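**Q** Keeping their order, the protein sequence lines are chains C and D.
Quick note: the first sequence, position 6, residue 6 per my numbering, numbers continuous.
Just so we're on the same page, my numbering is the position in the second sequence counted from 1, plus 1000.
Think of the hints as simulated: they come from the structure by calculation, not from any bench.
Among the hints, a few may not be true.
[Stated by the list, open to error] Heads up, simulated BS3-like pairs for lysine-lysine below, C-alpha to C-alpha not over 25 Å straight-line:
| no. | chain 1 | residue 1 | chain 2 | residue 2 |
| --- | --- | --- | --- | --- |
| 1 | C | Lys-112 | D | Lys-1667 |
| 2 | D | Lys-1352 | D | Lys-1327 |
| 3 | D | Lys-1190 | C | Lys-149 |
| 4 | C | Lys-79 | D | Lys-1708 |
| 5 | C | Lys-149 | C | Lys-79 |
| 6 | D | Lys-1352 | D | Lys-1256 |
| 7 | D | Lys-1241 | D | Lys-1292 |
| 8 | D | Lys-1215 | D | Lys-1275 |
| 9 | D | Lys-1215 | C | Lys-8 |
| 10 | D | Lys-1199 | D | Lys-1215 |
| 11 | C | Lys-149 | D | Lys-1215 |
| 12 | D | Lys-1553 | D | Lys-1573 |
| 13 | D | Lys-1671 | C | Lys-2 |
| 14 | D | Lys-1553 | D | Lys-1327 |
| 15 | D | Lys-1093 | D | Lys-1292 |
| 16 | D | Lys-1671 | C | Lys-116 |
| 17 | D | Lys-1324 | D | Lys-1241 |
| 18 | D | Lys-1292 | C | Lys-116 |
| 19 | D | Lys-1093 | D | Lys-1282 |
| 20 | D | Lys-1282 | C | Lys-149 |
Keep in mind it's a predicted model, so treat the numbers as computed, not measured.
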Amino acid sequence: MKLTINGKETELNVSDDMPILWAIRDVAGMTGTKFGCGMAQCGACTVHLDGQAIRSCVTPVSAAVGKQITTIEAMQDDKVGQAVQAAWQQIDVVQCGYCQSGQIMSATSLLKQNPKPSDADIDAAMSGNICRCGTYQRIRTAIHEAAAKLA
Amino acid sequence: MNDMINLSRRSFIKSTALVAGGLVVAFSIPQAKRFMGVANAAEAMPLPAPNAFLRIGADDSITVMLAHSEMGQGVWTTLPMLIADELDADWSKVKVEHAPAAPAYIHTAYGIQITGGSSTTWSEFDRYRQAGALTRALLMQAAAKQWNVPVTELRTENGAVIHGTQQLRYGQLVETASQLETPTSVTLKKPEQWKFIGKATKRLDSTEKINGTAKFGQDVQFDGLKVAMVARAPVFGTSLKTVDDSAALKIPGVIKVVKVPTGVAVIAEHYWAAKQGREALKLEWDVAGHDKPDSAALLKQYQALAQQPGLQAANAGDVVAASKQAKQAVTAEYVLPYLSHAPMEPLNCAVKISDQGCDIWTGTQMQTTDQASAAKILGLKPEQVNIHTQFLGGGFGRRANPRADFVSEAVQVAKAAGLPVKTVWSREDDIKGGFYRPMFVHRATVALDKQGKPLAWQHTLVGQSIIKGTPFEAFMIKEGIDATSVEGVADSPYVKGTANHQVQLHSVQSDVPVLWWRSVGHSHSGFVMESLIDELAHASKQDPLAYRRQLLKDHPRHLAALNLASDKAGWGKPLPKGVFRGIAVHESFGSYVAQVAEVSVKDGEVKVHRVVVAIDCGLAVNPDGVKAQMESSVAYALGAALSSEISFKDGQVVQSNFHDYQVLRMKDMPKVEVHIVASTEKMGGVGEPGVPPLAPAVANAIFAATGKRIRRLPIGEQLA
């Protein structure tokens, strides 16, 4: 199966129904995207499919054929992704860090669609991403910070 | 796999050095290569000092070896700060690695290699500073030798030794230093000389955790490593009767199916195949006639026990006689559920068994017991088992298991499979897999005098012991009392301050595995005590803050936290319409935390708007880290208070994933303000002490808002 991951066409020997998450992690060996729940409840596996934030743990690879999969590994080459990562660093958001790839992918997608989100917009866009360390307050601050830098 | 560390073949240069405040046993790890390590030690020169805790490279890099695990709490930054201050290090050159499992890294207070009890910073405060100071002294001697000047003419700054206008970077001194004798004494800096300690410092693990390169146990991959999932008993304590793996073996990618003591493992090329393979297993478990826990029945049993005499955990005066003098008495029963830790990273453990020993890659809080358990299973010596600690995707106590459950099982799987295997748990495995914070029922009767002061306090707790049956039983259970079951009650200043008191415990036997959960016994006792005190304040028609101040008047650290939190929250000042305050203060793990919660209740829905936190943890080594842990504790505790619960029906766990084991999400995160008490008192912890006061502060605010007393967690639909 041919998948385009971070702009690179990659041939992977996987079945149609394998979730994108496992194709990325266990077959392509890119471990930045995380497994948290396997049923689109926690957002740790968030990637972009043609620019849209999706939960890769429940999206089969067959849905990604002919589309662009973008992962955390490519965020440093993305203008919005860079701003989000810089804000994360400035606010010192991370704790254990396991959910943060997914948080950053969701936040980047939010800012691409809504460059100046309100707290309510952030609640709506980010409540699908669980952080057990409870870094939510800093995530909120960092999203506002990134929005301000990009404006 | 050539890069793998092999402790058994590594030559340790053991030495001892007498330093200020104690004897430091240290050894060097000169040419050790680290699997996926941050710094390849092969690039570094031999150590300037025999030292387990840091090494300096010819490139000026300073690699700090962590005796404790980074699970979000920030020790990856705090421990290097301790070294950097004494070493006068160039902070930009600091790198960090988890240490292997080895005697040098045994906890200074607990006697095993462990990250727990909110103890890392205070327990390492001297040891890591001494390591830095010792190395600095050695580098100065090396510079003195190279320049041929007296060491007294030298000073150090930002990673260099300076003499007049000339300087030598630490990296330039490594070779000379490595030939010198280790100094036998060093003087530690005075607080006014600190550049890092006490200053808000940004995390050193931030970059790799935001660009996806940080390696968690889940991310361990190497050629030949397979993935396993284990089908475990649906009812705790039951055994396997029959296995039919024929369908599982037909799933593409499934390699083999093996039996292990905990169940049946499906070994596959990747997680997806292992998961499908496990689903295709046909298993029969011997559940007939076995005890099947049921939450409704458990509650009745616990409630009945709470009214029976239990084992004595604390006793003073004469509760019965004193109660007769009382003006009034308050009796209350509190119920707290089983809770899952649910760290974001599901449990996992990679194991490779070789002729020389065994290598284990995992995120663990308790290397010593993991190592010993693996060695026992494989018939090896502990030192033949190499633990490669990875970043922990959350711990909260779940990754510190005296029974080493997930590591032992992974070793059994790799042994039975005859292959290097990473055993991975699904979220369902995690939620249903036991090792919960035990369910507890508390029943208390407090008799009050005319002024509302407690005259007699009778308190009975019912719950499983987390220590019974573990290697810690011998020293943590005394006369039948598990200290962790009654902590926060038996030693409470309210109880101790009541002349007549009695605290009793029923430790219930069960096959449901239980374990410490962030703040351990305080996770239930903090809620009960601070809710109960609020009940007493209202029963005696007193302001909850004034009532606490009166009872805690001889407890200055409780008072300092209480006063700071209430001042910053504006206690007594008007709030927006519909918003009410609740307060709580609780000591745990050597720190004192007070919280004021601002809460509204609308259509039965609880909304927590703001939580003001004050903590006295003694010296705050990294104040921003302390703040982060308080924010984290509020979120962790609030999720549990509002909605988390593990329950049982027909012997099975009802919940399975984040849709029914609910935790806090962004939309419910309150504004959290943290204030640190300026304190020179004894250092305490910060990872856990923020948890206990949150639920009672919220519940007390709910009482202020609605007049309804929350005596059962989670709050759930109780206000609907």
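**Q** For each hint, tell me whether it holds in the structure or not.
**A** Evaluated hints:
Simply put, C:Lys-112 and D:Lys-1667 have alpha-carbon atoms about 21 Å apart, close enough for the 25 Å limit, and the pair holds. Straight-line distance between C-alpha atoms of D:Lys-1352 and D:Lys-1327 comes to about 68 Å, which puts the hinted pair past the 25 Å bound. With a CA separation close to 41 Å, the supplied pair D:Lys-1190 and C:Lys-149 exceeds the 25 Å bound. Straight-line distance between C-alpha atoms of C:Lys-79 and D:Lys-1708 comes to about 51 Å, which puts the hinted pair past the 25 Å bound.
For the proposed pair C:Lys-149 and C:Lys-79, the alpha carbon gap of about 11 Å is at most 25 Å, so the pair holds. Of the pairs offered as hints, the one joining D:Lys-1352 and D:Lys-1256 holds, with about 17 Å between alpha carbons and a cut-off of 25 Å not exceeded. A distance of roughly 17 Å separates the Cα atoms of D:Lys-1241 and D:Lys-1292; the hinted pair therefore holds under the 25 Å criterion. Under the criterion of a C-alpha separation no larger than 25 Å, the hint pairing D:Lys-1215 with D:Lys-1275 is consistent with the structure, at around 23 Å.
As the CA atoms of D:Lys-1215 and C:Lys-8 are separated by approximately 23 Å, the hinted pair is consistent with the 25 Å bound. Restraint check for D:Lys-1199 and D:Lys-1215: not satisfied, since their Cα atoms lie roughly 28 Å apart, outside the 25 Å limit. Taking the CA atoms of C:Lys-149 and D:Lys-1215, the gap is about 30 Å. The hint is violated against a cut of 25 Å. Of the supplied pair hints, the one linking D:Lys-1553 and D:Lys-1573 holds, its CA atoms being roughly 23 Å apart against a limit of 25 Å.
Distance restraint check for D:Lys-1671 and C:Lys-2: the Cα-Cα separation of roughly 46 Å exceeds the 25 Å cut-off, and the hinted pair is therefore not satisfied. Among the hinted pairs, D:Lys-1553 with D:Lys-1327 is consistent with the structure: their alpha-carbon atoms are about 23 Å apart, no more than 25 Å. The suggested pairing of D:Lys-1093 with D:Lys-1292 is violated, with an alpha-carbon distance near 57 Å, which exceeds 25 Å. Proximity of D:Lys-1671 to C:Lys-116 is assessed by CA-CA distance (about 20 Å); at most 25 Å being required, the pair is judged to hold.
Of the supplied pair hints, the one linking D:Lys-1324 and D:Lys-1241 is violated, its CA atoms being roughly 59 Å apart against a limit of 25 Å. Using a Cα cut-off of 25 Å, the hinted pair D:Lys-1292 and C:Lys-116 is violated, with the two alpha carbons roughly 53 Å apart. Proposed proximity of D:Lys-1093 and D:Lys-1282 is contradicted: the alpha carbons are some 55 Å apart, above 25 Å. Using a Cα cut-off of 25 Å, the hinted pair D:Lys-1282 and C:Lys-149 is violated, with the two alpha carbons roughly 56 Å apart.
The structure is inconsistent with the numbered hints 2, 3, 4, 10, 11, 13, 15, 17, 18, 19, 20, although it conforms to all the rest.
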